[in-house]
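Heads up: the protein sequence lines correspond to chains A and B, in order. Take my numbering: the final residue in the first sequence is number 409, and no numbers are missing along the way. Take my numbering: the final residue in the second sequence is number 1409, and no numbers are missing along the way.
Hints were generated in silico from the structure; no laboratory data involved. Treat the hints with caution; some may be incorrect.
To be verified - Per label pair, the in silico range of CB-to-CB distance:
hint, chain 1, residue 1, chain 2, residue 2, range
1, B, Arg1354, A, Tyr7, 50 to 60 Å
2, B, Lys1353, A, Arg371, 48 to 58 Å
3, B, Thr1399, A, Ala87, 15 to 25 Å
4, A, Arg371, B, His1217, 53 to 63 Å
5, A, Lys353, B, Glu1157, 17 to 27 Å
6, A, Leu185, B, Arg1084, 35 to 45 Å
7, B, Glu1006, A, Glu159, 54 to 64 Å
8, A, Arg118, B, Gly1372, 42 to 52 Å
9, B, Asp1060, A, Asp156, 33 to 43 Å
10, B, Lys1353, A, Asn61, 54 to 64 Å
11, B, Pro1031, A, Asp96, 20 to 30 Å
12, B, Arg1331, A, Ala87, 52 to 62 Å
13, B, Pro1004, A, Glu159, 16 to 26 Å
Bear in mind that the values here come from a model prediction, so they are computed numbers and not experimental data. For glycine and all other residues, C-beta sits at the position ideal for the given N, C-alpha and C.
So the chains spell out like this:
Number of protein chains: 2
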Amino acid sequence: MQTPWEYRYAHRMQKMGSSVIRELLKLTEQPDIISFAGGLPAPEVFPVEEFRAACNHVLDNFGPQALQYSTTEGYKPLREMIARHTARYAVEVTADNILITSGSQQALDFIGRLFLNRGDYIVVESPTYLGALQAWNSYGAQYIPVRADEDGMIVDELEDALRIGPKFIYILPNFQNPSGYTLSLERRQKLVELADKYGVPIVEDDPYGQLRYEGDHIPSVVSLDSEYRGPNGSHYSGNVIYLSTFSKLLAPGLRLAWVIAPPEVIRKLVMTKQAADLHTSSFNQYVAHEVAKGGFLDEHVKVIRATYKERRDVMFEMMEEVFPQGVTWSRPQGGMFLWGILPEGMDAAQVLKRALEKKVAFVPGGAFHPRGGGDNTMRINFSYSSPEVIREGVIRLGTTLKELIGETV
Amino acid sequence: MQTPWEYRYAHRMQKMGSSVIRELLKLTEQPDIISFAGGLPAPEVFPVEEFRAACNHVLDNFGPQALQYSTTEGYKPLREMIARHTARYAVEVTADNILITSGSQQALDFIGRLFLNRGDYIVVESPTYLGALQAWNSYGAQYIPVRADEDGMIVDELEDALRIGPKFIYILPNFQNPSGYTLSLERRQKLVELADKYGVPIVEDDPYGQLRYEGDHIPSVVSLDSEYRGPNGSHYSGNVIYLSTFSKLLAPGLRLAWVIAPPEVIRKLVMTKQAADLHTSSFNQYVAHEVAKGGFLDEHVKVIRATYKERRDVMFEMMEEVFPQGVTWSRPQGGMFLWGILPEGMDAAQVLKRALEKKVAFVPGGAFHPRGGGDNTMRINFSYSSPEVIREGVIRLGTTLKELIGETV
């Protein structure tokens, strides 16, 4: 007799589904499929040689420490380096404001664990990052979506949402996943003001902030909050919990990210992490610190920007050329994704089915909308495939769209 | 104005405390303190050279893959290697039975998330592993402790506990943390039988199984369960979820462990892990596979055993010599800890205070008892300190104990 496991699972598991995207990625792993579905960095830009040198240096000089158990907060020189990096963007923090996590996904999970009782509301952009929804669904979160356009969350619609009494506002201000939208400076200022007015904290998720290919850097929400709050200039006063990651700048396979928050919140997150996995790999923290400490990232990010800009430009160019009338797309100035919008009433999931026959893939946008809608939207990645492959993939996708639009008309 | 964070935390955080041990470890980090408090492997046995070779090999041959995002289940060659290793102990599993986790702590957390509704009961040994209690407290677990002696959980007392209807039985059968106790073969068989009778699954946590310094290997609970169930010989049929780790055999700084469970449970754990941290560091999985694949661990574990056996023997010898009458201790045949028992009524926390003045530390045993008691017990680690340091530390501890017992009499 088999043990009847299905009767044993906790209630929270009923809201857990496997990620649409990760399941889809399995489909698209066939080598002849051109996949714009994933959210992968280009492996060509991983600094393999620098990693090799760093691994050797760390093992030569810190072998026993780097391989041993470590503190939950994270390797202090790495946290100090992140604090210095953060200070360049006018947010004055120390290592006590920083927790190293095993990827930003873990930070999202911990934020759910720390703040969410079943039924609590979170204000999100619509569309929003699927990984955050996945993390928070198991804590019984409910979502108040606020619409977004090319300038990000439509902040004029935020006040009504805040009056419902959410636990926090979740926002990806730069080159958002999935839409590629960037929150304008004016809207950021308004966001900080409204969050303060209603006493609602902000979770700012910023994996792509450094990946800007044109236009000017826009100050982060956390830095605007610092200015807004601090009578003595830019001092982090803490209505924003800020997340960022080494996944897009160095390599996602290390699973290294960080949270910036007031020390009292960090202390709670540390307790959460103790119970969850003790600490993030000490070896990886030493290696990342060794790779990054001499200012390498400042140079390396230029290579990443040049690579992704070229890919994005090729994608724009090809879409202009081959996508049929009625299909539109966002024009992100950075990041890894753009957002395709099909004519009203067209179903992106159906388009995907047909696209897979033509050996090209993307992610239908419905899943990014926590309260439904967006069935006519598509997330399209431009960071992973080479320009040649992007050219061919967009042609296939354009052909698919033309056929389907032709059939509909 | 500061944001009033303390009003925002979820209910579950009220049961979360920072680990007594990890807080204590901070105290004992002063360099002049001899600490038997931690649970650290000896850094001298970390195979630094093999790691270096493996890092270089992995970056030479698999750089882009090892640094990229990866599947949630874990690196397949590593899972296959673990399956082969497991088969040597008469448990026939495939990669589909295995999930790679970021340390066993993460596996414990996921098991809580997967199975526990608030108020659910878990049968545990008393004393039991503190990390498991920490992981499960935040899910609102309640505990049914079953007493243990030198032969492990007193299984005769288990049946009453099972009639309460627990979600699962949690057991560390080999050289338990904190007690060093090992569950006898007879009791393992009885455990499997009772678990089957009441339809209650077993979570077998086995970080130390390979660290036996004398006596014969005792079959794991999971293998006995396989024999018990399988009419056609040893086939894993799945009433036991088995956890083990590379932390004690290779290096804890990698944060690499694994769960063996029926495929349907693995699929649920994979969903849980997707939401929690996407996947465990791909780079570390490649490196561990590279270090371990050629049978290195079989040789390496001999070095670890020899090192820890010597340390344990020195500790036994010194305790015989200097500990006062009335203090007893367990005689583990392996592992990293032994269990000191003070005369009834004596408080180990008070002993620790005095011991710290003499610059020696251990962990008072009370925290390992989920329903109280055990105030006269002490967890003492023998794996971390060198034989010379152990000698000196036991002398200091013996002096402390003599003074306090002298004062009490």
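| Where does the structure disagree with the numbered hints, that is, which hint numbers, in rising order? | When the structure is compared with the hints, numbers 3, 5, 6, 7, 8, 9, 10 turn out to be violated.
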